[in-house]
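So the protein sequences, as listed, match chains D and P. Counting from 2, one number per residue, gives the positions in the first sequence under this note's numbering. Counting from 2, one number per residue, gives the positions in the second sequence under this note's numbering.
Check before you lean on any hint, since a few could be wrong.
No more than 30 Å apart at the CA atoms, straight line, and that leaves these computed lysine-lysine pairs for DSS-like [to be verified]:
#1 P/Lys-97 - D/Lys-242
#2 D/Lys-242 - P/Lys-75
#3 P/Lys-75 - D/Lys-97
#4 P/Lys-242 - D/Lys-242
#5 D/Lys-67 - P/Lys-97
#6 D/Lys-38 - P/Lys-97
Computed footprint of chain D on chain P, listed as stretches where at least three residues anywhere in the stretch have a Cβ under 8 Å from a Cβ of chain D [to be verified]:
#7 75–87
#8 293–303
Hint data in this document are derived by calculation from the structure and do not stem from the laboratory. The beta-carbon is built from N, C-alpha and C at its ideal position, and this holds for glycine as well.
As a plain string of letters, each chain reads:
2 protein chains.
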Amino acid sequence: MRSPFKRILFLAAIAGAVTSSNAIASPVSIAAELAQKAQDTSLALEIATDLTTEIGARLYGSDSEKRAAEWAVKRFLEYGFDKVWTESFPVENGWKRGLETASITSPAPQSLVITALGGSVATPAEGIEAEIALFKTIDAMLEQPEGSLTGKIAVVTQAMEIGGYAKISGPIRGEGPSEAARRGAIAFLMRSAGTDNDRMAHTGATSYLPDVPRIPAAALSVPDAQQLDRLSERFDSIRIKLLLTPQNLGTVTSQNVIAEITGSERPDEIVLLGAHLDSWDLGTGAIDDGAGVGIVMAAAKLIRDLPQAPKRTIRVVLFGAEEIGIVGGRFYAESHADELSSHIVATEADAGQGPVRTMNIGLGNPLDPTLTTIRNALKPLGIQAGRSNSSGGPDIAPMHRKGVPAIGLSMDTDDYFDLHHTANDTIDKIAPERINQSAAAFVTLAYLASELGGYYRSKP
Amino acid sequence: MRSPFKRILFLAAIAGAVTSSNAIASPVSIAAELAQKAQDTSLALEIATDLTTEIGARLYGSDSEKRAAEWAVKRFLEYGFDKVWTESFPVENGWKRGLETASITSPAPQSLVITALGGSVATPAEGIEAEIALFKTIDAMLEQPEGSLTGKIAVVTQAMEIGGYAKISGPIRGEGPSEAARRGAIAFLMRSAGTDNDRMAHTGATSYLPDVPRIPAAALSVPDAQQLDRLSERFDSIRIKLLLTPQNLGTVTSQNVIAEITGSERPDEIVLLGAHLDSWDLGTGAIDDGAGVGIVMAAAKLIRDLPQAPKRTIRVVLFGAEEIGIVGGRFYAESHADELSSHIVATEADAGQGPVRTMNIGLGNPLDPTLTTIRNALKPLGIQAGRSNSSGGPDIAPMHRKGVPAIGLSMDTDDYFDLHHTANDTIDKIAPERINQSAAAFVTLAYLASELGGYYRSKP
């Protein structure tokens, strides 16, 4: 793939011995060397390991999330970034998990594995014990008239299909508790939004509607939901006891961490690489989104280590409070509204470890010739051209809606929703060759978007 | 494999239309038909599903274990067994799990996934908070002098190798807490005896030595043990807070459930099929040992459904309180001492779902010609001849030590120690084709050992 000549130049450049090597090597060859470096080292995995080990879980607004931000600032400074700062913002619905237990009390007493949905209210201190009303689909529950679930614990055991996360996270995890409460239910249980069959419940944000009582809401592990399905086929009445003691903390503070490599020729033009620093509290946030943090920090660090910075500024943003409603991403789009016009393109790593499979775009000018160069540079990594309606990632979407061009490096998520939002989201699940390929993809995109000078907005 | 003629005879026999068909069909062909039936139906899986759904976990001495025994008696009676009864016995160390939480308090505060070892004492109500002394092997801990761990939480992160369960379960899970206490430790944590990397801790019995203080003891999930390994390489001092609130219940009662198909010609000679009805409390005891219960009950039920019972009595024993020290198996060997001489051979299914890979023997007369017939009958199931030092299974070992010939149908345990003693031991982990093959193997062995008249003790 590489000529001996280029290899020698690259090594010289890395060693800092030949300061003018960039004048000879083309941007494409430098990008290829960066990608190779990303794959030869395991820097992305090292960063993700450090974060998930030294900090662990990083719930929005928590001390841990703050420690993670301090950790990231320190790391960016160690890496020699030109500017490093944080931007704080309030998050209204601060929350802390408490005890969470559930059991079938009759007719077949046994414990259940559950976890509170993020933002759930607590049960009374003595718990709730009631008959369940089980629905195999959310639609079956929604067909019930108001008042029909009075005094019952509503249970929805609809399975998440592969690729069907959005069908569960919104209508069931988000709106299910309020729709159940509207029909009189006193608590809500759902089958986890996950594709595994581990005895692990998947948390995730719920959101109460304003016009109905707020009832405690939790997810059952997939085997526990299946157990209730079987029991409901065998017995007319099943009773469950549920105890949840989370605390509503009111308004808490989160922060975005921002670090820049100043562009050597066009410092006011920004290529933005994002990931989110917060995680749910059950695991250590390795695939969601420690991997993404490792990928974008590693990509930027490799660029930082070049003898000369690329033309445009590379800005890394590690967003806070993504999990509770993309609060950091929305805050960024609002507070940076004045400079969004100088954001050339933005992308985010928030779908696990990779590998990256397609380059999707969300660009006003999809015919800019540099895109062909970038696509060709990604091909050796096995990355194909993909969709043309990308928002760039969850934290990028708010700025994309305000006109920032987005590119999405779409990852293989074969294991992502097995682990997502569970205690099982730990660093041991990440394979070096997978995350390294992702880092290679992001460094390729970031470097070329900075160096080649393409313009991706629709022509005025 | 089967002739049309035999197939017709078999169908007729199953239908009860030709009462003398056994006079024509050979024992080997009947065994083959039984094996085929075990594979064509999913009776073993149905039984295991019913048990794990309608009862759930079945901790020794618990109400659930009693309900399981009642469930089994009812099921055996429904199946038309000739004799069904229970035999109760005391278990000295009754125990009930309580709350169990652990967290690193410094330098990197985060929660840990643990579970109390079976029989562990509780921490004080406010928990224990102390510095840890981490050892990568149990030998490294044992090298420490007495008093060297005073006031510390001893942590042993030695990994279980594939096939290395006994190296962990005895020296670390069993004796580790007392050896740590002997050196002054105030609590003991071990890396789970498991081969998975799920965030699931594996419980299992510990046993305190008489001459040292009893200290709280728990298992860390594998990722949590790895996390402590990483942290211990980065920080000099790590502090952990541990809370365990299990209860010692004193002497409790367990029971063996026994069911017989009376032999048609030699009713006093017993072919014994065992499994254990109790399970640990975290999962629903599907692979350990609901699968075994399903396998031996299904095998016996298929024989019960023959038009004529085989010559020797088939006795199924579902042992109680296996997990806390093979209490039911030892009780059986003692309380049935007088009739052990009429036990022709005994076997047990207690290694998960299968498939069975080898037929191991523990026989005084390994040259009895019927063994060749049995081995040949198992070959179509992919089962080879194996070891000649089998004890027949954990609950069979005590009677085997008193002279009962044993045959072990050794199963593939590729996933067994991933799930073993965890919350993840649930029925969804069992594949029909795997458990069905096991039931086919057990019904083949049981039928032929009963019908062929072999004699497996050493000649007097």
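A quick look at each hint next to the structure:
| no. | hint | in the structure |
| --- | --- | --- |
| 1 | P/Lys-97 - D/Lys-242 | holds, 19 Å |
| 2 | D/Lys-242 - P/Lys-75 | holds, 28 Å |
| 3 | P/Lys-75 - D/Lys-97 | violated, 47 Å |
| 4 | P/Lys-242 - D/Lys-242 | holds, 28 Å |
| 5 | D/Lys-67 - P/Lys-97 | violated, 39 Å |
| 6 | D/Lys-38 - P/Lys-97 | violated, 54 Å |
| 7 | 75–87 | violated (count 0) |
| 8 | 293–303 | violated (count 0) |
Figure legend: structure checked against the earlier numbered hints; hints not met, in rising order: 3, 5, 6, 7 and 8.
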